[in-house]
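Colleague: Here the protein sequences line up with chains A and B, keeping their order.
Letter by letter, the first sequence follows residues 1 to 816 in the numbering used here.
Letter by letter, the second sequence follows residues 1001 to 1045 in the numbering used here.
No lab work stands behind these hints: they were computed from the structure.
Among the hints, a few may not be true.
Stated by the list, open to error - Chain A is faced by these chain B residues, among others (derived, beta-carbon under 7 Å):
#: 1; residue: 1007
#: 2; residue: 1010
#: 3; residue: 1012
#: 4; residue: 1019
#: 5; residue: 1022
#: 6; residue: 1026
As the list claims (entries may be wrong) - With beta-carbon atoms standing in for the labels, derived distance ranges:
#: 7; chain 1: B; residue 1: 1025; chain 2: A; residue 2: 640; range: 50 to 58 Å
#: 8; chain 1: A; residue 1: 83; chain 2: B; residue 2: 1031; range: 15 to 23 Å
#: 9; chain 1: B; residue 1: 1003; chain 2: A; residue 2: 427; range: 36 to 44 Å
#: 10; chain 1: B; residue 1: 1037; chain 2: A; residue 2: 149; range: 15 to 23 Å
#: 11; chain 1: B; residue 1: 1025; chain 2: A; residue 2: 783; range: 41 to 49 Å
#: 12; chain 1: A; residue 1: 243; chain 2: B; residue 2: 1003; range: 23 to 31 Å
For each residue, glycine too, the CB sits at the ideal point set by N, CA and C.
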Amino acid sequence: MSNPTLIEQPGIAVVAPEQRAQAGGLAGLLGQHRGPLTVDDDFVVLDDPLEQEDFSHAIEVDGRALQESILMVQGMYCPACTETVESALAGRKGVVSVQVHAATRRVTLRWDPAQTLLSALARDVGQTGYRLLPMRQALSVEHRLAETRLLMWRLFVAAFCTMQVMMYSWPFYITEPGEIEPVYDQLLRMANWMLSVPVVMFSSMPFFQSAWRDLKLGRIGMDMPVSVGILVTFIASTGATFDPTGVWGHEIWFDSLTMFVFFLLGGRYLQSRLRDRTAGSLDALMNRLPEQCERQLADASFEIVSLKRLRVGDVLRVQAGQAFPGDATVLGESATVDEALLTGESQPVTRLRGQSVVAGSYNLAGSALVRIDKIGRDTRFGQIVSLMEQASTEKPDLVKLADRIAGPFLILVLLSAGFGAWYWWQIDPALAVPIAVAVLVATCPCALALSTPSAMLASAGALAQRGILVRRLLAFEALCKIDTVVFDKTGTLTQDRVVLREVIVRPGLEREQALRMAWPLASASLHPVSRAIAVQAQPLASNAPNPSDPGSAPVAEPVDLVQERPGSGLVLERAGGGQWRLGSADLCELDEAHLLEQGRSVADAPCAFLCDEHGWAATFVMDEGVRADAPAAVAELREMGFAVHLLSGDRLGAVQRVAQQLGIEQVVAGASPERKLEVVAALQQQGAQIAMVGDGMNDGPVLARAQVSFALGHGAPLTQSQSDFVVQSGRLSELVQTVRQARRTLRILKQNLCWAGGYNASMVPLAIAGYVPPWLAGLGMALSSFLVIGNAMRLSRLPGMPVPDPAAAAAALSVR
Amino acid sequence: MESLFLLIPLSVVLVLAIMAVFWWALYNGQYDNIEREGERILKDD
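Pulled out of the complex, with its shape left as it was, chain A reads as follows (with noise of 0.2 Å):
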């Protein structure tokens, strides 16, 4: 490596510039927040070789070793700019060429790492106010680019030629044979033969190559009759140019074939296109995290260090508007985050000291100091881009059938052209060639090969945005054919926190008192119970200040002691001595059943019991409170005729309570998972088709056992979920959006199927009996796939769904 101290010292401790702390108020940050704020920044990652490998590659030029780099151009949009940036470059020491593209905004710097660095230059970029960011996965975009433009050169040359073919061959179409002069006759066709030969030569190539990779592996793929088909029209055709009196007889089908060819690779650049679009929005979901960021160093500084130096355990300075690093720890007082990555929607989430941030959601407000907990294929964000790449490679069943049936299907192709052609050479030589010709294209089960994935890939991406992830693509199948749906009680119908229902106090004791007593042991606690108290207890305890020490926060205090016994509870010893505890009725020393009888309790929910040195001091009443969205989303499910079941493991009284609720009727309460197991397989013997609803942590086999599963909110490491669909938004609306979405994909799948299958059924034997040209087949063949992948993208919408924000959507563009 041509930097060994960068090895040694990869992140130059570099303090931030202070202004970068203060850009922007939250206001103009809401607009634009998805890209980075100012141009003034520090370039150092661009120079550690770790990073340097995304984007850079050893070249040689004239005996020197040179690094060849494509970074990207952040702010350049016209060819001004263009001009700007590369006299920014040219011409400095070090740079031996640069190129600047201003349509793709990359840059191609050509530099000589033993005379500059490349965080030099960016600097000098930087000056004049644009700004150099390496591109991740710059390599392979670029690669990307070249296909498609080499596709599209490709199209182009046939389409022209096809259209002069077809001026050369209009004298033919309108006269009589021999009225045309031989002279210029044989002009003619020999102007159609030299655009035909670019046609052939060039722009038929991909499918050559890919007829030529078949063959050497000794299969028969979908181009080798479309191969064949090319070649034996350019073949006849040019012998019929050259020796009109040849064997090869008199007729040329120039025309036919350029046109053919243009079709074929017009729907074939079409669907590159729609591919490139779904491969650009997982581009886009992967390149949320940012390239680098501030770690904090022990003298409380910071350091821009890459991504790839981050560790466990570092705390970081996210600024507002960039995405965090990793799945973190909220240190400072709050974080503001934008989540839309799990819920499908942007708005601000207030994220409290303690609480976590996912890698991939965007600071929104301040800067924010986060230790970082997870990183890379560990995070939420890692999870699902490995899951949407699982899920995106996945073949369906179908499409392996297809596979399978392929070979043998084209074989019967090439024998019944074969079979066509030498049955007209009988009746009429001149159309034995097009009649076999179109049967080889006819015949292409293109259409049908596209119609099942295509679909179930566009659902499957429109529910992405949406939060919800599709595990298994053939689960939309099933979902169709469901007819029962199984709620497990926690977490999915109701909350996955409790909230505070009521506070029974001791005589004498105000409920407010009892809050302020139980703050400093809620508010030391994670306990969904503590914190549910301490949400209550915190307005109250700041403004009437502990009076043993008026001026600190409860919680600081240094002379009371609180300690957490894990299961149980909390105990705080009293500076003045004497001992405060919070939690269960054992860990208080009392009799439950006594309580109950008392009133101090009630039977129904959980409580928490605070007691001090008199005893019982009160009771803290929790309520599991029902999701919002559950009366609504259940009422739904049974008006679209599913029948609703409750399966918990809870007591039969708080179970009963929430159906009640929700006015579900079929409940099974106190329910193991092996009873769980049993209810569910009981109901399937019954001929029931079950869809199970859980938190996907506690459910792995009945989910596993049902039909269809769904796992709601993310509490759950998705990998180890065991569910088809996953829920990340936790909205149960998003059930019955599914279900629908199911629905609509399998009736335009079949729609599809139909269309694809009835299309090659009909044309087969129209063609065989010569009742299709060559032309017109192809044409048939381009269309009815782009038919096929047109009716699939209408799936890439969900109905009752928000467009999504133009502005939104040109601003994540504008960061890829």
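Starting from the known structure of chain A, arrange chain B on it as the hints suggest.
Modeller: Here is chain B on its own, set in the frame of chain A:
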């Protein structure tokens, strides 16, 4: 009619010339992102 001997080869040359122009435009990145100009109006910067 003899002019065809000139005009037809000329038209072939013309086609090739037009294709060369397109090649130049394509490989200078003019068609790399067709949607970008339409999106630009939505951007602030």
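Colleague: If a hint holds in the structure, say so; if it does not, say that too.
Modeller: Quick rundown of the hints versus the structure:
{"no.": "1", "hint": "1007", "in the structure": "violated (10 Å)"}
{"no.": "2", "hint": "1010", "in the structure": "violated (10 Å)"}
{"no.": "3", "hint": "1012", "in the structure": "holds (5 Å)"}
{"no.": "4", "hint": "1019", "in the structure": "holds (6 Å)"}
{"no.": "5", "hint": "1022", "in the structure": "holds (5 Å)"}
{"no.": "6", "hint": "1026", "in the structure": "holds (6 Å)"}
{"no.": "7", "hint": "B:1025 <-> A:640: 50 to 58 Å", "in the structure": "holds (54 Å)"}
{"no.": "8", "hint": "A:83 <-> B:1031: 15 to 23 Å", "in the structure": "holds (21 Å)"}
{"no.": "9", "hint": "B:1003 <-> A:427: 36 to 44 Å", "in the structure": "holds (41 Å)"}
{"no.": "10", "hint": "B:1037 <-> A:149: 15 to 23 Å", "in the structure": "holds (18 Å)"}
{"no.": "11", "hint": "B:1025 <-> A:783: 41 to 49 Å", "in the structure": "violated (28 Å)"}
{"no.": "12", "hint": "A:243 <-> B:1003: 23 to 31 Å", "in the structure": "holds (28 Å)"}
Hints 1, 2, 11 from the earlier list are contradicted by this structure; the remaining hints agree with it.
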